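Please put together the full structure from these sequences, using the hints given.
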Amino acid sequence: MLLIKNLCMVAFLLLHMATPTFAEMDDELINNARSAVESFCKAEFEGDRFDQRIKLIKFSPAREKKEWQRSWPESPWVVFWDWDRFYIVSSYKVVDVKLSGKRGIATVEYRRIAESKGKEKIISSYKEQDIIKIDLIYDGKQWWVFDPPLPRISLKAIVDIYKVFEDDLLHLEKGWFEKATPEQRAIVTRKMESIKILKSLQNEIER
Amino acid sequence: MDWEDEDMEKKDIDKDIDNNEANYYDDEDLEKYADIGNSDWQTELKKWELGRYFRTVEHYYGGRIGGTTGERLVGEIARTAGKFLGSGIGSAGGDPDWLAEGNARKLGRLFRTAEHYYGGEIRPSTGKPLMRLAICHSPFEAKEEKEYVIEELERLTTVVRKYLKQDIRRDPLGQPLTPQQGQQIADVAKAWSKAPYTPYVSGGKTRAGADCSGAVWGIYKEAGYPYPYSPSVTFSKNPYFTPVSAPQVGDVGLYPGHMAIYDPNASKGMDVWSASRPGGRAFGPRKSSWYLKLGPVQWYRYNKPIGNSK
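Residue numbers (my numbering), protein chains in the order written: chain A, 407 to 613; chain B, 30 to 339.
A portion of the hints provided could be inaccurate.
Unchecked claim - Pairwise CB distance ranges (calculated): (1) Ile-529(A) x Lys-297(B): 26 to 32 Å; (2) Asp-502(A) x Thr-207(B): 56 to 62 Å; (3) Glu-434(A) x Thr-207(B): 54 to 60 Å; (4) Gly-308(B) x Gln-608(A): 27 to 33 Å.
What the hints assert, rightly or not - Calculated pairs, PhoX-like style, for lysine-lysine (alpha carbon to alpha carbon, straight line, at most 20 Å): (5) Lys-580(A) x Lys-297(B); (6) Lys-525(A) x Lys-499(A); (7) Lys-569(A) x Lys-266(B).
It is worth saying that the hints were derived from the structure and are not from the lab. A quick note: this is a predicted structure, and the numbers were derived from the prediction, not measured. Positions of the beta carbon are idealized from the N, C-alpha and C atoms, including for glycine.
Quick look at the structure:
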């Protein structure tokens, strides 16, 4: 009888060692979810327009419709860093990830520097601790960021994007203003102002 | 020049032809034209029909038909067209439905091919109005007559294929845009994306403002490859473009409701040039995969008309 009892104990221990515990399974899920959030934040921080976003973001039907109205004819997943609304940040940190079944919420702490109100209207908007909740959803294969908040890009990445425009503007012909249409003048003026603001933000950070 | 302008031009030419109708029966001219082609079709066709047809062709070419190259092709086309002509060239005609069924494109190409053999200068208006002139004035209204016309078109296509020794659908002129020429188009597109930029203007076709189809048209024109303007809805029927399976630089990408110009080096990670939408961003580099939600893309390549030295 004792022998049977011991064998059962050994079998139980072996089984226990071979299969993950509920706690271990939780850890794995949380790690996967955290990894999805980290990838999402990094992609935005580095100025990803589409390639990573499409692999990390799921939209609800209502949100997708709204994004499609914003982005048409381009994909709803596309972010136009020279046109859309977004925030400019200097750092991010994934503080916490909480899961409940196939849903989850991640808390991310950003240091905000400025924001774009859309159509290249960039304004200074400092916030030392910008705490953002990001919804997550699990589809049985991977964790997705669900209906994300406004995108957040690093100052370096947005400055790099505007570097192209800065070079363009240096090559403007003499007398272009007289020849240009009001719409063209408006675009040039907006870009010049954005570059000016970005430069002053850079100077502030460096100080 | 767009199709509407061409229609106006056609009307003017019709008027000229009416005014000069007496000249079509000039025996001296007919003698001259009778030398072109082979005896088979000469026996089948009345001289005055052929003479009239050639005069019409010349009218559109802006020069006399000459040379002996491709005369059999000319003969075949003339024979078919002669059957369509009936009487009263230059009188008012209808606009048969089948023109909208892709046949216009096919015939337009046939005539452009014929021009290639003539060595004459291509004019944007030549193919389609000429075909319309030949077809619209023919007395066919019954269904069987319409079918007969389509049959004849198929026969013509076979003749052209035989002469070109290749599939007409792929490359009727044997002169699609080369990658170097495509690069010229991409270079103009790049210039449009530079300061002071090209804002979205609905119906616009210039650097000062353009929509997607207007930008493609304006860029092609500026690069030296003009074509009759087509918005995205009718672009697939434009006789100046042929569908291709894989794009090369300068090709046009047609999505449902949108158009762009392919350039694998448009910008970092971007492979097309395109306008956006009303109130949207200025013309610039984009990524072709961004448009896939619109539907599948079909690439089109410009068939460079003869006479374009670029």
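Against the structure, the hints:
{"no.": "1", "hint": "Ile-529(A) x Lys-297(B): 26 to 32 Å", "in the structure": "27 Å, holds"}
{"no.": "2", "hint": "Asp-502(A) x Thr-207(B): 56 to 62 Å", "in the structure": "59 Å, holds"}
{"no.": "3", "hint": "Glu-434(A) x Thr-207(B): 54 to 60 Å", "in the structure": "56 Å, holds"}
{"no.": "4", "hint": "Gly-308(B) x Gln-608(A): 27 to 33 Å", "in the structure": "30 Å, holds"}
{"no.": "5", "hint": "Lys-580(A) x Lys-297(B)", "in the structure": "28 Å, violated"}
{"no.": "6", "hint": "Lys-525(A) x Lys-499(A)", "in the structure": "28 Å, violated"}
{"no.": "7", "hint": "Lys-569(A) x Lys-266(B)", "in the structure": "41 Å, violated"}
Hint violations for this structure: numbers 5, 6, 7, all remaining hints satisfied.
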